[in-house]
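Undergrad: Here is what each chain is made of, one letter per residue.
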Amino acid sequence: MPARNLWQMVLGNAVRSPRHFVFSAIGVVIGIGAFVFFLAGVLKVQGVLYSIFPLEEVEVIAPHTSIAGKNLSQKLTQETVDLIKTRPEVREALPRMTLQFPAVGFGKFEGQDIRFEVGGFTDGIPHSVVADDPKIADRFLDGDAEGKIGPACEPERGKDACPDRAWQYCDKVDRMCHMRVPVIVSPTVLELYNTQVAESHGLPHIGAMEQFIAERGRERMHFTIGLGDTMVAGSNVAVSAKHREVGAILIGISRKAKRVGLTVPLGYVERWNREFAGEDKAKQFSSIIVTLRDKDRLATFTTWLQEEPKLKLEDSLGEQFGTVVFVITIVLLAISFVIVGISAINIAHNFFMQVTERRREIGVLRAVGASQRDVLMIVLGEAAVIGLVSGVLGSAAAFLGSLLVDWASAALVPAFPFKPRSWFDFEWWIFALAVGFSVLFCVVGGWLPARKAAQMEPAAALAQT
Amino acid sequence: MTREPVIQLEQVRKSYGEGAGTTQVLRGVSLEVPRGELIALVGQSGSGKSTLLNIVGGLDKADGGNVRVLGHDYRSTSEPELARLRNKKIGFVFQAFNLLDHLTCLGNVTLPASFAAGARDVVRRGQAALGRVGLGDFAHRKPSELSGGQKQRVAIARALFNEPELLLCDEPTGNLDSATGHEVIEFFRELNEKDGVTLMIVTHERRMSTIARRVITMRDGQIVEGDQAGDEDTGGPA
Ligand SMILES: Nc1ncnc2c1ncn2[C@@H]1O[C@H](COP(=O)(O)OP(=O)(O)O)[C@@H](O)[C@H]1O
Ligand SMILES: [Mg+2]
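These protein sequence lines are chains A and B, in that order.
In case it helps, our numbering puts the first sequence at residues 1 to 465.
In case it helps, our numbering puts the second sequence at residues 466 to 703.
You may find that some hints are simply not true.
To be verified - Counterexamples of contact, computed for chain B against chain A with all Cβ distances above 10 Å: (1) E544; (2) S612; (3) T645.
Stated by the list, open to error - Derived lysine-lysine pairs resembling DSSO-like cross-links, with alpha carbons at most 27 Å apart: (4) A:K452 with B:K526; (5) A:K159 with A:K256; (6) A:K172 with A:K256; (7) B:K659 with A:K452; (8) A:K85 with A:K108; (9) A:K242 with A:K256.
Don't read these hints as lab results, they were simulated from the structure.
All residues carry an ideal CB built from backbone N, CA and C; glycine is no exception.
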């Protein structure tokens, strides 16, 4: 039977009994709709997740071990960094050091006084971490270490004490001009600010940091860090140096920054830890950020790490989220497949009834020259058309559903960090996959009825009942 | 080739069912039908006439014996080959017309073309076949709009679409009034005389026996041959 004739006959049969068509298709439409809807949603969540937690980066920490109350934890030092760097799968190993004593940030922002805890919430990282980000690299420098100190100044003169108002501050202790400590924050912090702080405090929403700075001026980004200071009342942490203040300036947003907190050049944290917490703390890293050559080599690296008693992988939040998303993905896709699977059984049932109802018609086709294969192809073709139409309708329904959800999300759900404008990521291949699955399931469902139709003895099919 | 009989049956047997419920429908039927023959197959209801016709047309399979039709030995003929044979060389006309209600008359008549590779002039030939049975103006009507006689003529046009060598008719006038039935019988006679089509017609119609060159009577799955078989045919409706 020529393909064109087959196609014509199949289409003719499909439109001929709309009731049968709808009953067979409805389940598949729902199942495929769910499939597309879930898949596009999950894809979006994954995309957001990976933008927050880069896959090829892992964080190595020292495991906490204590015996009989004695802390035996290993320490991460420069040797540890060098050791990790010897691994072939490692491209880069960069230490982070956390501020180990109380400190407070304060300043004025848009006319409001703000104060926030800094100790423990501040990391130092080497310049090379941000070297590939041109917006930040030029500014993320340790001015004190480079000797950019001076001229002498009078702190009483405030903002006018130093020649470079934007980038310098006058230190109250040595009465010299210093470069402000450059600070970067993570996109998460920006999101938290935009969605949680800005609205409730009537502060401006910050879209692109650079644009904000260009519009409002560098000086808006100034604040002060009070070292050896704390917001926590009654805190009795021993501080080995006198409280002092340094000027800081927020220079930009980076994914490399501490997720919640401030990030400054490593040299500052080393010196401040030495000054306020002792020599020991100045040599101890809090973690080592390891960038792998390839995200697929994580397993190799993890295996090696497990054999190193001194090291372990930080339980990555990203990995945990990733696992949760993966499980949810599997569950949702399983649900879709169950729906489509039940629909396929439903199609099989409908088609069995159809084949019985249409036995005389099938007999006539055989009498005028249809082979068993022709009959098989006609029934399968009808199933495939139902699959095709259901796949397209299901995809369309999912897309419309997504528009509805996005509208509801925009209109009814308050802003929160990383709230996406659309909750769905419709890639073309999702639709291709959906229609493909739909056709496949329908053809599978139609298989047994089609075989029954093909194997019917024409004489029996034509017999008058 | 032309010498060879169109139909050759040797000791054809057929039974339905298994075990105790087995019905022997054909008990060794042998028959030769030469080209250009017009055979009337008569006999009481249940005597196996339809079964025999179906086996000749390849719509049913014999349990035993040899079936040879238009040069094809059915034991060594594959299923697709048999389908092609029905498509090209054998036409069927049934008592119940067996038109497809969702197709137009033309659609029904040209249905065989759907299963033939490279069928040409389909619409023109369909129109010609309809014209031949006097229904040229009915091409785009649906069967439901036609009378019984018209329906049977459409069915005949479908059977003639590929200009078959053999026409198998199972009680073609059984659902028609006698006037219409006679028209159909007359049409078959003409087809046989003018076009040389071989016809095998299961019938209760006494008139058919008069135009038939040969009347074969069946009883209990066996042929009781004889040209005056019409006398034995008690003619109860099937
Ligand atoms: N598909 C079938 N299954 C079982 N019995 C059948 C079938 N077809 C025909 N028969 C039986 O075979 C016998 C002959 O039937 P049939 O060939 O239709 O006779 P006729 O056409 O002479 O009336 C009948 O008894 C009928 O009940
Ligand atoms: Mg009969």
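Undergrad: Check the non-interface label on T645 (chain B): least C-beta distance to chain A beyond 10 Å or not.
TA: 20 Å, holds
Undergrad: Under the criterion that the straight-line Cα-Cα distance not exceed 27 Å, is the pair K159 (chain A), K256 (chain A) satisfied?
TA: 31 Å, violated
Undergrad: Mind checking the alpha carbons of K172 (chain A) and K256 (chain A) for me, to see if they're no more than 27 Å apart?
TA: Since the Cα atoms of K172 (chain A) and K256 (chain A) sit roughly 32 Å apart, the hinted pair is violated (cutoff 27 Å).
Undergrad: Hey, K242 (chain A) versus K256 (chain A), does the alpha-carbon distance stay inside 27 Å?
TA: 31 Å, violated
Undergrad: Taking 27 Å as the top limit, are the C-alpha atoms of K452 (chain A) and K526 (chain B) close enough?
TA: Holds. K452 (chain A) to K526 (chain B) sits at ~18 Å (cutoff 27 Å).
Undergrad: Does E544 (chain B) clear chain A by more than 10 Å, comparing its Cβ with all Cβ atoms of that chain?
TA: 6 Å, violated
Undergrad: Hinted pair, alpha-carbon criterion (27 Å max): K659 (chain B), K452 (chain A). Please report holds or violated.
TA: 42 Å, violated
Undergrad: Does S612 (chain B) sit more than 10 Å from chain A, CB to CB?
TA: 20 Å, holds
Undergrad: Holds or violated: K85 (chain A) and K108 (chain A), Cα atoms, limit 27 Å.
TA: The hint is violated at about 43 Å.
Going through the hint list in order, the structure does not satisfy hints 1, 5, 6, 7, 8 and 9.
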